[in-house]
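Each chain, written out:
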Amino acid sequence: MTGGDPMTGADSTPTRVMLVDDHPIWRAALERELIDAGLDVVGAFGDGETALRVAPAVRPDVVLMDLQLPGISGVETAAALVGRDPAVRILMFSSSGEDVDVLAAVKVGARGYLVKSASTAELLAAVRRTADGEATFSPGLAALVLGEYRRIGRDEPSATAALTDREIEILRMVSTGLAARQIAERLVVSHRTVQNHIQNTLRKLQLHNRVELTRWAIDQGLTE
Amino acid sequence: VHDVRVTGVLLSLWRAATLFRIITLGVGLYLIERWHTLYAHPWVAYGTGAAMIAVTAAIGWLAVTGRAHRPAVVLADFGVTMLLTLASIPAQPAHQRHGKMPTLTTLWAAGPVIEAAFIGAWAAGVLVALGQFGAAMIVRDGYDGHTVVSGVLLLVTGAVVGYLSQLVVRAERDLAAAAAAHAALTERERLTRSIHDGVLQVLGLVHRAGRDADGLWADLGTVAGEQEAALRGLLRSRPDTVADPGQLDLADALITQRRDGVTVSVPAEPVLVDAAVAGELTAAVREALANVVRHAGPHACAWVLLERLDDQLQVTIRDNGAGLAPGRLEAAEREGRLGVAGSIRGRIVALGGAATITSSPGQGTTVELALPVAIR
Numbered sequence: 001m002t003g004g005d006p007m008t009g010a011d012s013t014p015t016r017v018m019l020v021d022d023h024p025i026w027r028a029a030l031e032r033e034l035i036d037a038g039l040d041v042v043g044a045f046g047d048g049e050t051a052l053r054v055a056p057a058v059r060p061d062v063v064l065m066d067l068q069l070p071g072i073s074g075v076e077t078a079a080a081l082v083g084r085d086p087a088v089r090i091l092m093f094s095s096s097g098e099d100v101d102v103l104a105a106v107k108v109g110a111r112g113y114l115v116k117s118a119s120t121a122e123l124l125a126a127v128r129r130t131a132d133g134e135a136t137f138s139p140g141l142a143a144l145v146l147g148e149y150r151r152i153g154r155d156e157p158s159a160t161a162a163l164t165d166r167e168i169e170i171l172r173m174v175s176t177g178l179a180a181r182q183i184a185e186r187l188v189v190s191h192r193t194v195q196n197h198i199q200n201t202l203r204k205l206q207l208h209n210r211v212e213l214t215r216w217a218i219d220q221g222l223t224e
Numbered sequence: 001v002h003d004v005r006v007t008g009v010l011l012s013l014w015r016a017a018t019l020f021r022i023i024t025l026g027v028g029l030y031l032i033e034r035w036h037t038l039y040a041h042p043w044v045a046y047g048t049g050a051a052m053i054a055v056t057a058a059i060g061w062l063a064v065t066g067r068a069h070r071p072a073v074v075l076a077d078f079g080v081t082m083l084l085t086l087a088s089i090p091a092q093p094a095h096q097r098h099g100k101m102p103t104l105t106t107l108w109a110a111g112p113v114i115e116a117a118f119i120g121a122w123a124a125g126v127l128v129a130l131g132q133f134g135a136a137m138i139v140r141d142g143y144d145g146h147t148v149v150s151g152v153l154l155l156v157t158g159a160v161v162g163y164l165s166q167l168v169v170r171a172e173r174d175l176a177a178a179a180a181a182h183a184a185l186t187e188r189e190r191l192t193r194s195i196h197d198g199v200l201q202v203l204g205l206v207h208r209a210g211r212d213a214d215g216l217w218a219d220l221g222t223v224a225g226e227q228e229a230a231l232r233g234l235l236r237s238r239p240d241t242v243a244d245p246g247q248l249d250l251a252d253a254l255i256t257q258r259r260d261g262v263t264v265s266v267p268a269e270p271v272l273v274d275a276a277v278a279g280e281l282t283a284a285v286r287e288a289l290a291n292v293v294r295h296a297g298p299h300a301c302a303w304v305l306l307e308r309l310d311d312q313l314q315v316t317i318r319d320n321g322a323g324l325a326p327g328r329l330e331a332a333e334r335e336g337r338l339g340v341a342g343s344i345r346g347r348i349v350a351l352g353g354a355a356t357i358t359s360s361p362g363q364g365t366t367v368e369l370a371l372p373v374a375i376r
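Keeping their order, the protein sequence lines are chains A and B. Residues 1 to 224 (my numbering) make up the first sequence, in order. Residues 1 to 376 (my numbering) make up the second sequence, in order.
Be a bit skeptical, because a hint or two may be false.
Using C-beta positions, here's what the derived DEER-type ranges look like [as the list claims (entries may be wrong)]:
{"id": "1", "chain 1": "B", "residue 1": "Ala322", "chain 2": "A", "residue 2": "Asp40", "range": "39 to 49 Å"}
{"id": "2", "chain 1": "A", "residue 1": "Leu187", "chain 2": "B", "residue 2": "Thr186", "range": "42 to 52 Å"}
{"id": "3", "chain 1": "A", "residue 1": "Asp40", "chain 2": "B", "residue 2": "Ser343", "range": "53 to 63 Å"}
{"id": "4", "chain 1": "B", "residue 1": "Leu234", "chain 2": "A", "residue 2": "Asp36", "range": "52 to 62 Å"}
{"id": "5", "chain 1": "B", "residue 1": "Leu234", "chain 2": "A", "residue 2": "Val58", "range": "30 to 40 Å"}
{"id": "6", "chain 1": "A", "residue 1": "Arg186", "chain 2": "B", "residue 2": "Gln314", "range": "38 to 48 Å"}
{"id": "7", "chain 1": "B", "residue 1": "Gly215", "chain 2": "A", "residue 2": "Ala121", "range": "31 to 41 Å"}
{"id": "8", "chain 1": "B", "residue 1": "Val202", "chain 2": "A", "residue 2": "Ile218", "range": "45 to 55 Å"}
{"id": "9", "chain 1": "A", "residue 1": "Ala121", "chain 2": "B", "residue 2": "Leu175", "range": "52 to 62 Å"}
{"id": "10", "chain 1": "A", "residue 1": "Ile25", "chain 2": "B", "residue 2": "Gly261", "range": "18 to 28 Å"}
{"id": "11", "chain 1": "B", "residue 1": "Gly215", "chain 2": "A", "residue 2": "Val58", "range": "52 to 62 Å"}
{"id": "12", "chain 1": "B", "residue 1": "Arg67", "chain 2": "A", "residue 2": "Arg151", "range": "47 to 57 Å"}
{"id": "13", "chain 1": "B", "residue 1": "Val160", "chain 2": "A", "residue 2": "Thr214", "range": "12 to 22 Å"}
{"id": "14", "chain 1": "B", "residue 1": "Ser343", "chain 2": "A", "residue 2": "Pro86", "range": "47 to 57 Å"}
Calculated Cβ distances over 10 Å to all of chain A for the following chain B residues [as the list claims (entries may be wrong)]:
{"id": "15", "residue": "Leu167"}
{"id": "16", "residue": "Gln227"}
{"id": "17", "residue": "Ala302"}
{"id": "18", "residue": "Trp303"}
{"id": "19", "residue": "Leu305"}
{"id": "20", "residue": "Ala355"}
According to the in silico footprint, chain B covers these stretches of chain A (three or more CB under 8 Å from chain B) [stated by the list, open to error]:
{"id": "21", "stretch": "25–36"}
{"id": "22", "stretch": "140–150"}
{"id": "23", "stretch": "163–177"}
If you are wondering where the hints come from, they were derived from the structure by calculation, not from laboratory data. Nothing here was measured: the structure is a model prediction, and the numbers come from that model. Using N, Cα and C, we set each Cβ at its ideal position, and we do this for glycine too.
The task is simple: from the sequences and hints, build the whole structure.
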């Protein structure tokens, strides 16, 4: 499914991508690459407010969004999009060195993250993977997620946010550059199993985040 | 002579001391005038009063212009004030001095105690208070309850004023430092935003465009990518998060090793360790990466992962290069040809940690560095 064919899904319609990046040159360059690859760019916007307003109308399969946006941030926009439609598939696009924001975006429900310097091939592969519902897990993101679980384990131990040994093993492999297929070979499991483990680590982190937010909201409500 | 004028809260303190001096001068002059008929030598008392006016004027002028905060000034004031207190001996008849009559300088003599406390904290305040206490005892030719009470009050004044003045000066300094730090942070954020929206975007685009090009354009792209990474590293480093100057964020230190073909992945939060430990670990990682370039082949990529476990730091360096045949590493170690591997292991063992190197042909090499450390 992630081969050269830009078509995804049973109905064979092109993947609908919404692009959110405040830098006009970047936006234009990315839009061109996506269109050239046969993807359907249903919107290219420079800020989160517009993206939020238009998203319900254009129903993108994938939202490709920069972390740094003027006005409401990429993380806030992602949170609002997921809040409206938990099935929305968001791929964050960021420069390296924005680790805290990347982690925040993943915790509110982004499906993956790609560095801006990624090549065209890497970008297209990531967009297609995201459209297929797979997590785009770079080594950097895996290390962030691993680090976040370890921090939670130290600061606020919780059963919802604990990794199994297998999940830790897989996250460490991703962090040190192994692709899902290589990991599947090494562990003698299917590619799908590896993907499921990776998805689980994200899902549990997002769940933990929601629980924390709810708890926080209740605490606020009780003290007011 | 350094003509450093005090400002801020110290200047305010000196002004307050001047006000105290003027008020107590008024009291002293009033008493001299009121009792001049009783004195043995009224002209000595008048002379003392005139000298008190002169001293108050001189010290007051220096104080309000911020130039009195010097040991020499306070010592001079202390000496003159002592002499003026001792002038009570010729001025007052013996029975007055031994009775309830206060010294000529009265409360005004507490001035140098307060001034000394400004300069040398409570210790100097107490020392000068003892001096004034001694002078009063000489005048009284001994001590009675009245003198002791005054003396104790003077000592307490010296100690308390010294302590409090130090406290407020320190508070002022801390506040100024905090304001400066905040200003620096604000400026940094402004610059970061501007650089991020401009230069970095262009460098990123050139880097990306260079990937699909050849020759000079490809080189330009690579250089732009390196500059982008370096600039990002600068913007990312957070000196404000490291409170202890002896500590460093190991994540920041390792990120400096990022370049094309080398991916460095770290946790989101700072990993604070002793600067020496950070230096050694970074050096070990640098050697391991140099080794990758040397042995794993020209197209090999390397990944560095930093993890902070409960009681240890773990750094993993993996490459996808040619790898080593089974037993080759062990053989080299047995023969004493430790090379880079030995050097890396030496650094880590010296820090109390352990280094594990695993490799097999076609599977690349993995170096794991584990270091037990008390973090934070």
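For each hint, the structure was consulted:
1. With their beta carbons about 43 Å apart, B/Ala322 and A/Asp40 fall inside the hinted range of 39 to 49 Å.
2. Judged by the Cβ atoms, the range 42 to 52 Å given for A/Leu187 and B/Thr186 holds: they are separated by roughly 49 Å.
3. Between A/Asp40 and B/Ser343 the CB atoms are about 55 Å apart, so this pair conforms to the stated range of 53 to 63 Å.
4. Checked against the given bound of 52 to 62 Å, the beta carbons of B/Leu234 and A/Asp36, roughly 35 Å apart, lie outside it.
5. Between B/Leu234 and A/Val58 the C-beta distance comes to about 39 Å, which sits within the given range of 30 to 40 Å.
6. Here the CB-CB span from A/Arg186 to B/Gln314 is close to 19 Å, at odds with the stated 38 to 48 Å.
7. Taking 31 to 41 Å as the suggested C-beta distance range, the pair B/Gly215 and A/Ala121 does not conform, at roughly 21 Å.
8. For B/Val202 and A/Ile218, the hinted distance range of 45 to 55 Å is satisfied, since their beta carbons lie about 47 Å from each other.
9. A C-beta distance of roughly 55 Å is found between A/Ala121 and B/Leu175, which places it inside the suggested range of 52 to 62 Å.
10. At roughly 26 Å, the beta carbons of A/Ile25 and B/Gly261 sit within the given window of 18 to 28 Å.
11. Remark: the range hint 52 to 62 Å for B/Gly215 to A/Val58 is contradicted by a beta-carbon distance near 41 Å.
12. Checked against the hint of 47 to 57 Å, the pair B/Arg67 and A/Arg151 passes, with Cβ atoms roughly 55 Å apart.
13. Between B/Val160 and A/Thr214 the CB atoms are about 53 Å apart, so this pair departs from the stated range of 12 to 22 Å.
14. Evaluation of the 47 to 57 Å hint for B/Ser343 and A/Pro86 yields a pass: the beta carbon distance comes to about 52 Å.
15. Distance check on B/Leu167: its Cβ is at least 35 Å (rounded) from any Cβ of chain A, clearing the 10 Å threshold; non-interface status holds.
16. No beta-carbon of chain A is positioned within 10 Å of the beta-carbon of B/Gln227; the least distance is around 12 Å.
17. Residue placement check: B/Ala302 does not keep its beta carbon more than 10 Å from all beta carbons of chain A (closest about 8 Å).
18. At the 10 Å boundary, the C-beta of B/Trp303 falls inside the reach of chain A, the nearest C-beta of that chain being 4 Å off.
19. For B/Leu305, the non-interface assignment is contradicted: its Cβ lies about 4 Å from the closest Cβ of chain A, within the 10 Å cut-off.
20. Residue placement check: B/Ala355 keeps its beta carbon more than 10 Å from all beta carbons of chain A (closest about 16 Å).
21. For the stretch 25–36 of chain A, the stated coverage by chain B holds: 3 residues have a C-beta nearer than 8 Å to a C-beta of that chain, and at least 3 were required.
22. Given as covered by chain B, the stretch 140–150 of chain A passes the check, having 8 residues with a CB less than 8 Å from a CB of that chain where 3 are the minimum.
23. Here's how the stretch 163–177 of chain A fares: 4 of its residues keep a CB closer than 8 Å to some CB of chain B, so the rule of at least three is met and the hint holds.
Consistency with the previously given hints fails for numbers 4, 6, 7, 11, 13, 17, 18 and 19, ordered from lowest to highest.
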